[in-house]
Amino acid sequence: MRKFLDAATALVAFACALLALALLGGLVYVIVQKGGPAISWGFFTEQIRLVGAAGGIFWNLIGTLILLLTAFLASAPIAIALALMERVWLKGETSRRILTTGLYAINGVPSIVFGIFGFIVLVQWCGWGKSWLAGGLILAMVILPTVTVALMERLKAIPAKYVEAAAGLGLSRAQIIWAVLLPQSWGGLITGSLLGLARAAGEVAPIMFTATIFAGATMPHAIKESPVLSLPYHIFILAQDSFDPGVGSKLWGSALVLLGLVFSLSLAALPTRLRIHEEAHHG
Amino acid sequence: MDKRPHILQTTELCVTATSRALVRDVSLTIAEHQVFGLIGPSGAGKSTLLRALNRLTDLVPGLKVTGDVQLHGQSIFKSGMDANALRARVGMLFQQPVVFPASIVDNVLFGARRLQSLSKSAQTELAESALQEAALWSEVKDRLKTPAAKLSVGQQQRLCLARTLATKPEVILMDEPTSALDPRSTEAIEALIKRLKSRHTIVLVTHNLRQARNVADHLAFIGVRDGVGQLLCSGSVDSVLGRTDVAEVDEYVCCQ
Chain G
1 MRKFLDAATA
11 LVAFACALLA
21 LALLGGLVYV
31 IVQKGGPAIS
41 WGFFTEQIRL
51 VGAAGGIFWN
61 LIGTLILLLT
71 AFLASAPIAI
81 ALALMERVWL
91 KGETSRRILT
101 TGLYAINGVP
111 SIVFGIFGFI
121 VLVQWCGWGK
131 SWLAGGLILA
141 MVILPTVTVA
151 LMERLKAIPA
161 KYVEAAAGLG
171 LSRAQIIWAV
181 LLPQSWGGLI
191 TGSLLGLARA
201 AGEVAPIMFT
211 ATIFAGATMP
221 HAIKESPVLS
231 LPYHIFILAQ
241 DSFDPGVGSK
251 LWGSALVLLG
261 LVFSLSLAAL
271 PTRLRIHEEA
281 HHG
Chain F
284 MDKRPHILQT
294 TELCVTATSR
304 ALVRDVSLTI
314 AEHQVFGLIG
324 PSGAGKSTLL
334 RALNRLTDLV
344 PGLKVTGDVQ
354 LHGQSIFKSG
364 MDANALRARV
374 GMLFQQPVVF
384 PASIVDNVLF
394 GARRLQSLSK
404 SAQTELAESA
414 LQEAALWSEV
424 KDRLKTPAAK
434 LSVGQQQRLC
444 LARTLATKPE
454 VILMDEPTSA
464 LDPRSTEAIE
474 ALIKRLKSRH
484 TIVLVTHNLR
494 QARNVADHLA
504 FIGVRDGVGQ
514 LLCSGSVDSV
524 LGRTDVAEVD
534 EYVCCQ
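Taken in sequence, the protein lines are chains G and F.
When we follow the numbering used here, the leftmost residue of the first sequence carries the number 1, and every step to the right adds one.
When we follow the numbering used here, the leftmost residue of the second sequence carries the number 284, and every step to the right adds one.
Chain F extracted, bound-state conformation (with noise of 0.2 Å):
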């Protein structure tokens, strides 16, 4: 078992739609500095799941989530939590990088700027520093005001990436980050996602098991049954993908 504080707790989570049950009943313990691994095939829930862990499901008209996600320890869906501090410190990195339509360095400042009051030198020392964090720095020093959508699109995934970090979040959701990418700009987001486990935790949703296996320290694996995602089985990489007799797991394997 690991030693490590948990920072996130899922007990029974549960979300549902206003036909059916989306996934049900994960329970999930993700300890601190770590990258936590969500695999399973397409449909499963994967992404709603992580949507619920900062309450991004808020936003989606119908959608219901009971049970309770607890960051260090404390529900997240306790009354007097405020959604949009808790998405500061839960930060999400989106399947499709999505770029405002604003220059680099605006995009990098979009959320930092508006949560905390920063003078013009913090701001720039911010950017510049979210930036390096996200390897992204030596390619666009020299042309922070040009927009962001002149970008290749694995610069504009890192690009999201600086932005998240800005905001300085415990933890970091990341939804198939590299599913729109070459495999250059995947192979750049992979060493950045072992580097920033130093200071962050990330909770990685991924249909790879080459990227699972690289990044990956635990893993969880959501599957369908009776028509449900569910959480399968938990724990080591290896243990996950060996678990030859879950026969979800057996399947989801061989496959790829």
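Bound conformation, chain G alone (with noise of 0.2 Å):
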């Protein structure tokens, strides 16, 4: 009896593994099969023509990826902030557990309360109108936690011992900051904003009453009324509005690109997990 529910169990997990795996396979077939035909080279350098049933995605290409990168430079001295202070300054057990909790709820915020909540207070409020800035603050507060938590988790690796060793020397709470803490966390850094880029660089909701229109975007050069273009606005408009069936390839070569986008972020950010995964395991 013992046997068979050890193996029953084991059955059942290997199934469930199996199911998540062929989810992930078929997504990715799909998209491939019917995104591929629509890769050339001139996808990515031409603007979108005849309402994107021609031409390629440049300027939303580069449109996400400023709005992503506007999310990195927003969220990282912030993150880095929260960061620190949780570690060196909060030294109660309920201000920390405070300070995470706001941020696991900031995490649990409905990305389409952000994308209002921009619109209502950068866009009318502030009166920049649809601008790249307030897209990529919003993508900021969504990354936060996301940036911050890894952070800490990397702060909380680093042995005692060195902030020990280096107060034994005399430095000052500033310096062991600047000289043993920073140097030391610039992975969790990086790694907490790429899987947060990953997860903001397909979000329509923050960016579509804030940040992005559907064509005539290029390159922005001021903040008011300097939307761009995007990736995942681009896809979310093909799909609602568009019967013309030469629409369907771009609409899914851009879903491909976008999942190729996400996919390499992830990926770029998984060599220093794993990294930490072991010096947090190994000593």
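None of these hints come from the bench; they were simulated from the model.
Each hint should be verified, as a subset may be incorrect.
Derived pair list, reagent style DSS-like, types lysine-lysine, alpha-carbon separation capped at 27 Å [claimed, not checked]:
| no. | chain 1 | residue 1 | chain 2 | residue 2 |
| --- | --- | --- | --- | --- |
| 1 | F | Lys347 | G | Lys161 |
| 2 | G | Lys91 | F | Lys433 |
| 3 | F | Lys347 | G | Lys156 |
| 4 | F | Lys433 | G | Lys156 |
| 5 | F | Lys451 | F | Lys424 |
Which bits of chain G does chain F cover? Going by a derived footprint, with three or more residues having C-beta under 8 Å, they are [stated by the list, open to error]:
| no. | stretch |
| --- | --- |
| 6 | 157-164 |
| 7 | 168-182 |
Cβ coordinates follow ideal geometry from the N, Cα and C atoms, glycine included.
Reconstruct the complex from the two isolated chains, following the hints.
Rendered as structure tokens:
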């Protein structure tokens, strides 16, 4: 009986794992099969023509990259400050828990709520109109918890002996932060940011009211009324509005490029994640 | 009685953790340019006592230090005393060598270059003299830029000593500095300790009676009574190790 239970448990576990892999495989297969034919050099270098039925996604790709870079640059300093606060200044268990709970709460906020918040505060109240900066800042809020928690984990993994040794030499707290804590936690910042950005890259809700339009935008030159094109919004509009069969392959092609972007962001984070994991377990 | 001037003095020093006392009522006088050994069983609070001498105890949440420690007659706990500046004057060598993930030379200068502004040439000079003083120069002079982690554990411990020496401390606290080392490296460190006392004062926690006899000028025995670490006797090495009337000392000496 016990042997049977053992085998059954293993069987169910394997079946579930297989199902997850099959889902991923199926998804990738469908998107590659449908979007593959659209991929060409021109698809990356040309701009949209005929409402998405022709041309490429050059400015959509650039727009998405601008939004992601802005989100990274805006979230990194805040994440560093928050993580350092948790590690260095917050002494009590309660205040630490309040901070992490707050972060998890932000992480749980639906992205459409961020979008509306950005629309009300940045687009209307600040009078920016649709702007790459508004979208970048809202995406920064979306990824902030991921980046901060990854940094906190990294800071926690720095052995206390380094801090003690540095303090023993007479270094002040600020010097210890610059000389010991920050140099050893860049990996956490990069990993957290890449994982956060991998999620943010595909979000439509935070940027559809704040930053992105369907066609007609190129490189932004100002903050106010300076929208960008983006990949997820492009897919959203094509999927929703277009009945032109010529659009179909472009739609799938855009989805494939977005999927590729997200996978490469996650993959780029992998080496540091593995290394941190190893350090944490082997001293 | 030792005629040399006192550099460190503790008065009724107690260290208490949140739930219990770790060390109680330790009053010691430590004269300049000597090796002052702290011996006693594990768990008696020798390391804690040592960390109170340069306020590294501040770093541990929940530790409370009462009583007083005076450096050159000045309380290290008085308001206005900069704990960081104090730690540069009263340096520390730990049980396990702690090298930073950086090159050998960056490790030597890790504290010094941040505590004072040094020109490039002054840095090079300081690195060399500190490594010389720690008897490591000849072994590493051709590979100063290689990662410090590539050194053997014994070399790493001498590198940590060089790093402490580079900040020019008056006192060096050593917490069982050879317990992680092989016999040859232990010998090297012991020879160094004897040499260093001409310019520094050394407070050495050791488990090893042979080492205490070999390098210490003065000993204090910290034993456990009523569950708390206390100073049971102090004096010259022979007088302390000969105190068969103190049961804890007798037991400790016999067991080694």
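Do the hints match the structure? See the list:
Proximity of lysine 347 of chain F to lysine 161 of chain G is assessed by CA-CA distance (about 20 Å); at most 27 Å being required, the pair is judged to hold. The suggested pairing of lysine 91 of chain G with lysine 433 of chain F is violated, with an alpha-carbon distance near 36 Å, which exceeds 27 Å. Between lysine 347 of chain F and lysine 156 of chain G the CA atoms are separated by roughly 24 Å; this keeps the pair inside 27 Å, and the hint holds. Proposed proximity of lysine 433 of chain F and lysine 156 of chain G is supported: the alpha carbons are some 25 Å apart, at most 27 Å.
Between lysine 451 of chain F and lysine 424 of chain F, the direct Cα distance comes to roughly 21 Å. Compliance with the 27 Å bound is thereby established for this hinted pair. Note: the stretch 157-164 of chain G has 4 residues with beta-carbon separation from chain F under 8 Å; the three-residue rule is met and the coverage holds. Given as covered by chain F, the stretch 168-182 of chain G passes the check, having 8 residues with a CB less than 8 Å from a CB of that chain where 3 are the minimum.
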